[in-house]
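Each residue of the sequence shown is one higher than the one before, counting from 1 in the numbering used here.
Hints are not guaranteed to be accurate.
[Said to hold, decoys possible] Result set (DSS-like, lysine-lysine): computed pairs, CA atoms no more than 25 Å apart in a straight line: (1) Lys85 <-> Lys117; (2) Lys155 <-> Lys85; (3) Lys117 <-> Lys155; (4) Lys96 <-> Lys155; (5) Lys85 <-> Lys96.
Keep in mind that the hints were calculated from the coordinates and are not lab data. In this text, all values refer to a predicted model and were calculated from it rather than measured experimentally.
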Amino acid sequence: MKYPIRAPSCGTPNASAMNVGTAHSEVNPNTRVMNSRGMWLSYILGIGLLHIILLSIPFVSVPVVWTLTNLIHNLCMYLLLHTVKGTPFETPDQGKARLLTHWEQMDYGVQFTASRKFLTITPIVLYILTSFYTKYDRVHFVVNTVSLLTVLIPKLPQLHGVRLFGINKY
1 MKYPIRAPSC GTPNASAMNV GTAHSEVNPN TRVMNSRGMW LSYILGIGLL HIILLSIPFV
61 SVPVVWTLTN LIHNLCMYLL LHTVKGTPFE TPDQGKARLL THWEQMDYGV QFTASRKFLT
121 ITPIVLYILT SFYTKYDRVH FVVNTVSLLT VLIPKLPQLH GVRLFGINKY
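Go ahead and model the full structure; you've got the sequences and the hints to work with.
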């Protein structure tokens, strides 16, 4: 009869060097999600896919499709990065992330990181493309400019943790 091999007792030197019961991940996964491999490419491909889906709708002109692409992108970005607070995970940070938006949690709150620059430049590039393809039509231009400012102003470092008029305070 074979007996199972027993693990060494806790008194051995190897057992004290092991990190038993600890995870090898971030304390808050929201902080590093945009630094994941392929995330930027997936983000750009998602915008392109949205644009192609909108282009496939019959009887919708190209300027309207570009404006809709810009508006939907900026609305999703605003809702996901600047209004949703907390984390979808149980984090051991003792509730520090509970009152922070995803943008404020990103890269542990460090400003001007590569991910933050990417997420700031992307709506600007999309705005420039939208303005060009709408031929700077006055109505499209105003709508797209307001949409861009709605997404860019909350990204400013001066507004980190600031809740205007108590909106989204809790």
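Now for the hints, and whether the structure bears them out:
At roughly 21 Å between alpha-carbon atoms, Lys85 and Lys117 fall within 25 Å of each other, so this suggested pair holds. Between Lys155 and Lys85 the alpha-carbon distance is near 15 Å, which keeps this suggested pair within the 25 Å criterion. For the proposed pair Lys117 and Lys155, the alpha carbon gap of about 10 Å is at most 25 Å, so the pair holds. Only pairs whose Cα atoms come within 25 Å are accepted, and Lys96 paired with Lys155 is accepted, the gap being roughly 20 Å.
For the suggested pair Lys85 and Lys96, the alpha carbons sit about 11 Å apart, so the restraint of at most 25 Å is met.
When each numbered hint is compared with the structure, no violation occurs for any of them.
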